[in-house]
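Colleague: Given chain A's structure and the hints, the job is docking chains B, C and D onto it.
4 protein chains.
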Amino acid sequence: MVWYTPDINRQNSIDMSYKSETRLTVRYAETDMMGIVHHSRYYPWFEVARTDWVKKSGYTYSEMERQGVLLPLTETQCKYHYGLRYEDEVLVTCRVSKLTVARIEFEYEVYRLPDMTKMSEGKTKHGFINAEFRPINLKKTYPDMWKAISDLV
Amino acid sequence: MVWYTPDINRQNSIDMSYKSETRLTVRYAETDMMGIVHHSRYYPWFEVARTDWVKKSGYTYSEMERQGVLLPLTETQCKYHYGLRYEDEVLVTCRVSKLTVARIEFEYEVYRLPDMTKMSEGKTKHGFINAEFRPINLKKTYPDMWKAISDLV
Amino acid sequence: MVWYTPDINRQNSIDMSYKSETRLTVRYAETDMMGIVHHSRYYPWFEVARTDWVKKSGYTYSEMERQGVLLPLTETQCKYHYGLRYEDEVLVTCRVSKLTVARIEFEYEVYRLPDMTKMSEGKTKHGFINAEFRPINLKKTYPDMWKAISDLV
Amino acid sequence: MVWYTPDINRQNSIDMSYKSETRLTVRYAETDMMGIVHHSRYYPWFEVARTDWVKKSGYTYSEMERQGVLLPLTETQCKYHYGLRYEDEVLVTCRVSKLTVARIEFEYEVYRLPDMTKMSEGKTKHGFINAEFRPINLKKTYPDMWKAISDLV
Numbered sequence: 001m002v003w004y005t006p007d008i009n010r011q012n013s014i015d016m017s018y019k020s021e022t023r024l025t026v027r028y029a030e031t032d033m034m035g036i037v038h039h040s041r042y043y044p045w046f047e048v049a050r051t052d053w054v055k056k057s058g059y060t061y062s063e064m065e066r067q068g069v070l071l072p073l074t075e076t077q078c079k080y081h082y083g084l085r086y087e088d089e090v091l092v093t094c095r096v097s098k099l100t101v102a103r104i105e106f107e108y109e110v111y112r113l114p115d116m117t118k119m120s121e122g123k124t125k126h127g128f129i130n131a132e133f134r135p136i137n138l139k140k141t142y143p144d145m146w147k148a149i150s151d152l153v
Numbered sequence: 001m002v003w004y005t006p007d008i009n010r011q012n013s014i015d016m017s018y019k020s021e022t023r024l025t026v027r028y029a030e031t032d033m034m035g036i037v038h039h040s041r042y043y044p045w046f047e048v049a050r051t052d053w054v055k056k057s058g059y060t061y062s063e064m065e066r067q068g069v070l071l072p073l074t075e076t077q078c079k080y081h082y083g084l085r086y087e088d089e090v091l092v093t094c095r096v097s098k099l100t101v102a103r104i105e106f107e108y109e110v111y112r113l114p115d116m117t118k119m120s121e122g123k124t125k126h127g128f129i130n131a132e133f134r135p136i137n138l139k140k141t142y143p144d145m146w147k148a149i150s151d152l153v
Numbered sequence: 001m002v003w004y005t006p007d008i009n010r011q012n013s014i015d016m017s018y019k020s021e022t023r024l025t026v027r028y029a030e031t032d033m034m035g036i037v038h039h040s041r042y043y044p045w046f047e048v049a050r051t052d053w054v055k056k057s058g059y060t061y062s063e064m065e066r067q068g069v070l071l072p073l074t075e076t077q078c079k080y081h082y083g084l085r086y087e088d089e090v091l092v093t094c095r096v097s098k099l100t101v102a103r104i105e106f107e108y109e110v111y112r113l114p115d116m117t118k119m120s121e122g123k124t125k126h127g128f129i130n131a132e133f134r135p136i137n138l139k140k141t142y143p144d145m146w147k148a149i150s151d152l153v
Numbered sequence: 001m002v003w004y005t006p007d008i009n010r011q012n013s014i015d016m017s018y019k020s021e022t023r024l025t026v027r028y029a030e031t032d033m034m035g036i037v038h039h040s041r042y043y044p045w046f047e048v049a050r051t052d053w054v055k056k057s058g059y060t061y062s063e064m065e066r067q068g069v070l071l072p073l074t075e076t077q078c079k080y081h082y083g084l085r086y087e088d089e090v091l092v093t094c095r096v097s098k099l100t101v102a103r104i105e106f107e108y109e110v111y112r113l114p115d116m117t118k119m120s121e122g123k124t125k126h127g128f129i130n131a132e133f134r135p136i137n138l139k140k141t142y143p144d145m146w147k148a149i150s151d152l153v
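Protein chains in written order, with this note's numbering: chain A, 1 to 153; chain B, 1 to 153; chain C, 1 to 153; chain D, 1 to 153.
Source of the hints: derived by calculation from the structure; they are not laboratory data. Incorrect hints may have been included.
[As the list claims (entries may be wrong)] Okay, the calculated bits of chain A under chain C, using three or more residues with CB under 8 angstroms as the criterion:
hint : stretch
1    : 18 to 30
2    : 74 to 80
[Claimed, not checked] Below, a list of computed lysine to any residue pairs in the SDA-like style, where the Cα atoms sit at most 20 angstroms apart:
hint : chain 1 : residue 1 : chain 2 : residue 2
3    : B       : K79       : D       : E107
4    : C       : K55       : B       : K55
5    : A       : K140      : A       : S150
6    : B       : K79       : D       : P135
7    : C       : K139      : C       : L113
8    : B       : K98       : D       : T25
9    : B       : K118      : D       : P72
10   : A       : K56       : D       : K55
11   : A       : K79       : C       : P44
12   : B       : K55       : C       : D151
13   : A       : K79       : C       : A102
14   : A       : K118      : C       : L113
15   : A       : K79       : C       : K125
16   : B       : K123      : D       : R41
17   : B       : K118      : D       : T25
18   : D       : K79       : B       : P72
19   : B       : K125      : D       : A102
20   : C       : K56       : B       : T25
21   : A       : K123      : C       : A102
22   : D       : K55       : A       : K123
23   : B       : K125      : D       : L24
24   : D       : K56       : A       : T25
25   : B       : K118      : D       : R41
26   : B       : K79       : D       : K56
27   : D       : K123      : B       : P44
28   : B       : K79       : D       : V96
29   : B       : K98       : D       : Q77
30   : D       : K79       : B       : T25
31   : B       : K79       : D       : A102
32   : A       : K55       : D       : E121
33   : A       : K125      : C       : Y82
34   : C       : K123      : A       : E75
35   : C       : K147      : C       : K79
36   : D       : K79       : B       : I129
37   : D       : K55       : A       : T25
38   : A       : K79       : C       : L70
39   : D       : K118      : B       : F133
40   : C       : K79       : A       : E75
Backbone N, C-alpha and C fix where the C-beta goes; we use that ideal spot for every residue, glycine too.
Extracted from the complex, chain A is given alone in its bound form:
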């Protein structure tokens, strides 16, 4: 019986929740005059990672929105350990840290490749709302979508 998992999912070996992995290359337009990636630019990366996480459920974020489920942000947070530079290759991981019928929270880690130095880590909190911007109970309103998502958590 092997417990040792040498990869990035190691710390999740117990909770077994799904952690997505997204690769990105730093764009010139994402840097600022300090020569590193502007702090606000990590949030669109988190969004890309979230998009990839959702895909695993069989749904896409686009499909969820078309069906009338929006996930507006209620809180964002990011800690920056080191600066990233233009053309750096990065790996962004994403997992769900909390899920209720009304809310979902994601956690992210940003690693520089190939050395896998952790450059930053963040969190976003979202509410489930409908197209009229009213809170919904995802489990009651969209039971299939709820099952697909909660199965990954």
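Modeller: Here is chains B, C and D on its own, set in the frame of chain A:
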């Protein structure tokens, strides 16, 4: 009869079309690692200038969209003479260079203050479409809006 | 003796630290397909507010960087109460919530005008570093700058 | 002798200049309230495509900048045929349309996958300058870099 107009509207003294003036301060997030404003960031400025131009008509861009008139871009263009830096004060002018019942074109000039050096100049072309993304004849469909806009050109 | 201060600075009536006020108009490019301001776009606003806060010290952020003092972000955070829309007028306040010789923290509030509804609030944490990206003791290295800033806190 | 080349490089079968291909997925943060990709967001894509084009030379854009060669934009241009949506997969091609010892021009095409509908096309013009922002003759100053690039054109 005085033809001399010592301000920025001078070159329009003959066509008398309305030229809006918008003041901005360069944001840190608008710079890139070259230390100057990223070339893509001028287009949101043009958009701000366009927003100000439209206001003069008595309508707002928001109100036009709410009434079902969208102005998607069909072409954008910008020439860069000098680079702008963080905290530079700039003046962006905007005027309509062409207007038909189906299309509108805007021209922009970006000046650094207070020396009024022309830093860049651009152009955007737009079609009038409705919320279903279909081309419309603005004059027929929204005669009041058409009059308000064409009166400024 | 009047304690009542009916303006936005009310809650600071005791600590008397300086709170800057910055007015912005929501740009079209700051919205996303949900129809509201994208969550990442609040951080460049905070940066604009920070820029305005620093000006009060007699220095500018640009001048600080030219003298070799950078303030890279070590943490960002924002809570979103309501969504903002294109052309909304907003007021962003900024104050320093913590200052040491090595670090500075800013707090922000975003209000929609003219009703002064609080739409969001955030925080950013920064370290003082030099052009070689090494931490510095601001008080020792730049005593004048230190005084100018700490006088406002 | 076969002239027919069924791929995207077809139209270049005669000039044989190198055309790079870059795949991207539309990010949520790249959309605006019209529900499509904001027109300014195509320019960072062109930049990513340019970065990929340069890689083929054996140099990287980062390496060129570290050696003291900058390519500031002197002109940008884009035509938009159709709007792109969140999560659309796109292919951006890039080729050099003009190269002199002082200047370089790139052309881009943006296709939606998998149907390969051409969504937009653009052009950027650049000057070769050094770290002091002075124009340089690339052939004289950096003969190896010049050879690596001109071999692809």
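Colleague: Each hint: holds or not?
Modeller: Results of checking the hints against the structure:
1. Taking a C-beta to C-beta cut-off of 8 angstroms, the stretch 18 to 30 of chain A contributes 0 residues in contact with chain C, too few for the three needed, and the coverage statement is violated.
2. Against chain C, the stretch 74 to 80 of chain A contributes 7 residues with a C-beta closer than 8 angstroms to a partner C-beta. That satisfies the three-residue criterion, and the hint holds.
3. Note on B/K79 and D/E107: the hinted pairing holds, with a Cα-Cα distance of about 16 angstroms set against a maximum of 20 angstroms.
4. Of the pairs offered as hints, the one joining C/K55 and B/K55 is violated, with about 31 angstroms between alpha carbons and a cut-off of 20 angstroms exceeded.
5. Proposed proximity of A/K140 and A/S150 is supported: the alpha carbons are some 13 angstroms apart, at most 20 angstroms.
6. For a cut-off of 20 angstroms, the pair hint linking B/K79 to D/P135 stands: about 17 angstroms separates their Cα positions.
7. Taken as a hint, the C/K139 and C/L113 pair is broken in the structure, with Cα atoms around 38 angstroms apart against an allowance of 20 angstroms.
8. The hinted pair formed by B/K98 and D/T25 fails the criterion: a straight-line CA distance of about 35 angstroms is larger than 20 angstroms.
9. For the proposed pair B/K118 and D/P72, the alpha carbon gap of about 17 angstroms is at most 20 angstroms, so the pair holds.
10. A hinted pair counts as satisfied when its Cα atoms are at most 20 angstroms apart, and A/K56 with D/K55 does not qualify at roughly 32 angstroms.
11. For the hint pairing A/K79 with C/P44, the CA-to-CA distance comes to about 17 angstroms; that is within 20 angstroms, so the pair holds.
12. Pair hint B/K55 plus C/D151 does not hold up; C-alpha atoms about 42 angstroms apart against a cutoff of 20 angstroms.
13. Between A/K79 and C/A102 the CA atoms are separated by roughly 17 angstroms; this keeps the pair inside 20 angstroms, and the hint holds.
14. Straight-line distance between C-alpha atoms of A/K118 and C/L113 comes to about 40 angstroms, which puts the hinted pair past the 20 angstroms bound.
15. In summary, the hint linking A/K79 to C/K125 is supported, as the alpha carbons are separated by about 9 angstroms, within the 20 angstroms threshold.
16. The suggested pairing of B/K123 with D/R41 holds, with an alpha-carbon distance near 16 angstroms, which does not exceed 20 angstroms.
17. Of the pairs offered as hints, the one joining B/K118 and D/T25 is violated, with about 36 angstroms between alpha carbons and a cut-off of 20 angstroms exceeded.
18. The hinted pair formed by D/K79 and B/P72 meets the criterion: a straight-line CA distance of about 11 angstroms does not exceed 20 angstroms.
19. With a C-alpha separation of about 31 angstroms, the suggested pairing of B/K125 with D/A102 is violated against the 20 angstroms cut-off.
20. Between the alpha carbons of C/K56 and B/T25 the distance comes to roughly 16 angstroms, so the proposed pair stays at or under 20 angstroms and holds.
21. For the proposed pair A/K123 and C/A102, the alpha carbon gap of about 26 angstroms is over 20 angstroms, so the pair is violated.
22. Simply put, D/K55 and A/K123 have alpha-carbon atoms about 34 angstroms apart, too far for the 20 angstroms limit, and the pair is violated.
23. With a C-alpha separation of about 26 angstroms, the suggested pair B/K125 and D/L24 falls outside the 20 angstroms cut-off, and the hint is violated.
24. Note on D/K56 and A/T25: the hinted pairing holds, with a Cα-Cα distance of about 16 angstroms set against a maximum of 20 angstroms.
25. Proposed proximity of B/K118 and D/R41 is contradicted: the alpha carbons are some 24 angstroms apart, above 20 angstroms.
26. Using a Cα cut-off of 20 angstroms, the hinted pair B/K79 and D/K56 is violated, with the two alpha carbons roughly 28 angstroms apart.
27. Distance check on the hinted pair: D/K123 and B/P44 sit about 19 angstroms apart at the alpha-carbon level, within 20 angstroms; holds.
28. With a C-alpha separation of about 19 angstroms, the suggested pair B/K79 and D/V96 falls inside the 20 angstroms cut-off, and the hint holds.
29. Proposed proximity of B/K98 and D/Q77 is supported: the alpha carbons are some 18 angstroms apart, at most 20 angstroms.
30. Between the alpha carbons of D/K79 and B/T25 the distance comes to roughly 28 angstroms, so the proposed pair goes past 20 angstroms and is violated.
31. Distance restraint check for B/K79 and D/A102: the Cα-Cα separation of roughly 17 angstroms lies within the 20 angstroms cut-off, and the hinted pair is therefore satisfied.
32. Using a Cα cut-off of 20 angstroms, the hinted pair A/K55 and D/E121 is violated, with the two alpha carbons roughly 30 angstroms apart.
33. Of the supplied pair hints, the one linking A/K125 and C/Y82 holds, its CA atoms being roughly 14 angstroms apart against a limit of 20 angstroms.
34. Between C/K123 and A/E75, the direct Cα distance comes to roughly 12 angstroms. Compliance with the 20 angstroms bound is thereby established for this hinted pair.
35. For the suggested pair C/K147 and C/K79, the alpha carbons sit about 32 angstroms apart, so the restraint of at most 20 angstroms is broken.
36. Restraint check for D/K79 and B/I129: the C-alpha separation of about 17 angstroms stays at or below 20 angstroms, so the hint holds.
37. Restraint check for D/K55 and A/T25: satisfied, since their Cα atoms lie roughly 13 angstroms apart, inside the 20 angstroms limit.
38. Straight-line distance between C-alpha atoms of A/K79 and C/L70 comes to about 17 angstroms, which keeps the hinted pair within the 20 angstroms bound.
39. Proximity of D/K118 to B/F133 is assessed by CA-CA distance (about 18 angstroms); at most 20 angstroms being required, the pair is judged to hold.
40. Distance restraint check for C/K79 and A/E75: the Cα-Cα separation of roughly 4 angstroms lies within the 20 angstroms cut-off, and the hinted pair is therefore satisfied.
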